[in-house]
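Read off the chains here:
There are 2 protein chains.
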Amino acid sequence: MTEPGIEFEVLATDGKARRGRLSTAHGDINTPAFMPVGTAGTVKAMMPEDVAATGAEIILGNTYHLMLRPTAERIAKLGGLHKFMNWHKPILTDSGGYQVFSLANRRSINEEGVVFQSHIDGAKVELTPERSVEVQNLLDSNITMVLDECTEWPVTEDMARQSMELSMRWASRSKAAFEERSGYGIFGIVQGSMFPELRRESAARLVDTGFDGYAVGGLAIGEPQDEMFNVLDITVPALPKERPHYLMGVGKPDDIVGAVRRGIDMFDCVIPTRSGRTGQAFVRGGFLNMRNARHSDDSKPLDAACSCRVCANYSRAYLHHLVKAGEMLAGMLLTLHNLHYYQSLMEGIRAAIADGSFDEFVAKFDAENDAGATVAES
Amino acid sequence: MTEPGIEFEVLATDGKARRGRLSTAHGDINTPAFMPVGTAGTVKAMMPEDVAATGAEIILGNTYHLMLRPTAERIAKLGGLHKFMNWHKPILTDSGGYQVFSLANRRSINEEGVVFQSHIDGAKVELTPERSVEVQNLLDSNITMVLDECTEWPVTEDMARQSMELSMRWASRSKAAFEERSGYGIFGIVQGSMFPELRRESAARLVDTGFDGYAVGGLAIGEPQDEMFNVLDITVPALPKERPHYLMGVGKPDDIVGAVRRGIDMFDCVIPTRSGRTGQAFVRGGFLNMRNARHSDDSKPLDAACSCRVCANYSRAYLHHLVKAGEMLAGMLLTLHNLHYYQSLMEGIRAAIADGSFDEFVAKFDAENDAGATVAES
Chain E
437 MTEPGIEFEV
447 LATDGKARRG
457 RLSTAHGDIN
467 TPAFMPVGTA
477 GTVKAMMPED
487 VAATGAEIIL
497 GNTYHLMLRP
507 TAERIAKLGG
517 LHKFMNWHKP
527 ILTDSGGYQV
537 FSLANRRSIN
547 EEGVVFQSHI
557 DGAKVELTPE
567 RSVEVQNLLD
577 SNITMVLDEC
587 TEWPVTEDMA
597 RQSMELSMRW
607 ASRSKAAFEE
617 RSGYGIFGIV
627 QGSMFPELRR
637 ESAARLVDTG
647 FDGYAVGGLA
657 IGEPQDEMFN
667 VLDITVPALP
677 KERPHYLMGV
687 GKPDDIVGAV
697 RRGIDMFDCV
707 IPTRSGRTGQ
717 AFVRGGFLNM
727 RNARHSDDSK
737 PLDAACSCRV
747 CANYSRAYLH
757 HLVKAGEMLA
767 GMLLTLHNLH
777 YYQSLMEGIR
787 AAIADGSFDE
797 FVAKFDAEND
807 AGATVAES
Chain Z
437 MTEPGIEFEV
447 LATDGKARRG
457 RLSTAHGDIN
467 TPAFMPVGTA
477 GTVKAMMPED
487 VAATGAEIIL
497 GNTYHLMLRP
507 TAERIAKLGG
517 LHKFMNWHKP
527 ILTDSGGYQV
537 FSLANRRSIN
547 EEGVVFQSHI
557 DGAKVELTPE
567 RSVEVQNLLD
577 SNITMVLDEC
587 TEWPVTEDMA
597 RQSMELSMRW
607 ASRSKAAFEE
617 RSGYGIFGIV
627 QGSMFPELRR
637 ESAARLVDTG
647 FDGYAVGGLA
657 IGEPQDEMFN
667 VLDITVPALP
677 KERPHYLMGV
687 GKPDDIVGAV
697 RRGIDMFDCV
707 IPTRSGRTGQ
717 AFVRGGFLNM
727 RNARHSDDSK
737 PLDAACSCRV
747 CANYSRAYLH
757 HLVKAGEMLA
767 GMLLTLHNLH
777 YYQSLMEGIR
787 AAIADGSFDE
797 FVAKFDAEND
807 AGATVAES
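Residue numbers (the numbering used here), protein chains in the order written: chain E, 437 to 814; chain Z, 437 to 814.
Everything labelled a hint here was simulated from the structure, so no lab data went into it. Everything numeric in this text was worked out from a predicted model, so none of it was measured. Some clues are possibly wrong.
Identical copies carry no separate label here, and so any pair may be met within one copy or between two of them.
For lysine-lysine, the following PhoX-like pairs were computed, each having C-alpha atoms within a straight-line distance of at most 20 Å [claimed, not checked]:
hint, residue 1, residue 2
1, K480, K611
2, K480, K513
3, K760, K513
4, K519, K736
5, K560, K688
6, K513, K736
7, K736, K452
8, K736, K611
9, K800, K688
10, K677, K800
11, K800, K760
12, K736, K525
13, K519, K760
14, K800, K513
15, K480, K560
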């Protein structure tokens, strides 16, 4: 890599679905890819080597959390986020915007950026597009995300337009602030809520500025799945085919399969990790609530067809016991299994696209899912 | 192993300190040995393979916790405790007595045994010497401990005698109830508080009954270290040299070194695991409180001379950050380091006894400890 930015190669396509490879200064990422979330410099309840062993090639770090504690400046002095958290593969960081906007009445927004109160010590902090890029640079993030305004849902078209236009001005400022270098990139984020015209206009403006990749934002915030898919049907065709497409904050396994079918290459979501810490296990065709007493004498693994360490070595009875006893190992093992489930799903998706059988893959996945929702929790 | 019971071989001695090997149906244990505590079927915050990787060859399971949840009968049906918790090396179980007696006003004792209220659902449960042995057998414990009464401290000699005599009657009943088989054993427990005559009498009565090993109980309950060492000076010489000597519930690193010097072969304690979950790290010569802000910019590992995964890969600054952020990984990494510290200590002790340099080992340990208490927390 001698060119600035990050390389992306589409290796195969099947319909709109793409099998690709992204190259960064810290290694390659096979796409479609799922990024486990490492909020505060740790994928919760996981040793980083175990995250890598599930097949994850990239994780997401949260700018909001890290800029407040331990601070980006401190992480930079300690050698960057990869070294700090002992994760030596690629890292994508969000802009911090999503968390700041969720602070509701503890933040105020203007053209310059957003001022908010820290949830840790109440201090007033300013986050501008330029500061967000600076923080992500201090973290040594391989993929920087532009600061955007998270448009509420539902929203009027007029408000959605104002919000989108602000985000597009911020995207240009973010790009201008970003220091281009080989193996590092910056992604723009398409906004526009559920309005097709706004989405198309947003995509066009970002393409005009020019980014290393394009994310679809403002989804997975409570809207029904078909509305999310409608937005993808409109938005993805408006994005450059030769650049990666990232659907932010998504999602459940069936969201991911449907989004890959619509041309999405990258995903992140807290679902597999958070579910693991609350006693939920993803299995083919559904999920299991390990708190349920019906597991107490069950010597079967979570999923007999799963190749993970948890399914090889532990019974549902044991996992149920750990959950009931409030043991940390419950969250550790269920998170490990869930991340393995997600990475296996992505591996299956990539293999199916590569050999042109993605439709069959989707049909089989849907059939299992329809049957399994009952099977798993009956 | 064709004889009933467990074999024990003294491989070397240095003064009263012994380097030995205990052989069970699930493998050998090199002594002096430290047993991490796996209370409720898990060494808290640890994957079992990581416990083994620290060098641990045996863990302790708690009869009280397991008999109440998930129940010993359930664990037996699921193939025993080793399989249940995915720990395939030896397991020693306590009798349940210590936890029951700590229930204070929720238990009542008589000649037959003790009746207590479960801390989980308030149910009335009876624990007799015979039931404790039965539960430990259902768990498939390699080393069963007799039920004894935990004598309070301080206590009058008269009360200590009554308590010791009850424990000795219970020890005989425990031995009678124990089903002898190859690779499995039962240990008696010497009581008698801080009274030399009572300790000697208790030891003699246990030896008369005959056990696979002998534990010293009723210590590490608040008494000063020199009182504990005094009891060992009196008690250990009264125990058969050809059988293992186990000091229950001990202790801090200097307690262990002092007890090995007095002829103790086995230890268990929650200190390394519990300390890990509360942000404490053992290092040569003392310990570090990782909550302390002085660590926030410190790029050094916990202990530069430590060979564990935590010291190889993480800075004090990162561990401080995890502790402050309340991340599970803090407890996971600090527990891993602390167990590695304890197992390294035991390895050093064993090597020193084997080559006749245990006095030098102790002198070096004491010197580090005297200097380190200041160094570590200055």
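Self-check item: Structure versus earlier hints, numbers of those that do not hold, lowest first
Solution: Numbers 1, 2, 5, 7, 8, 10, 11, 12, 14 and 15, in rising order.
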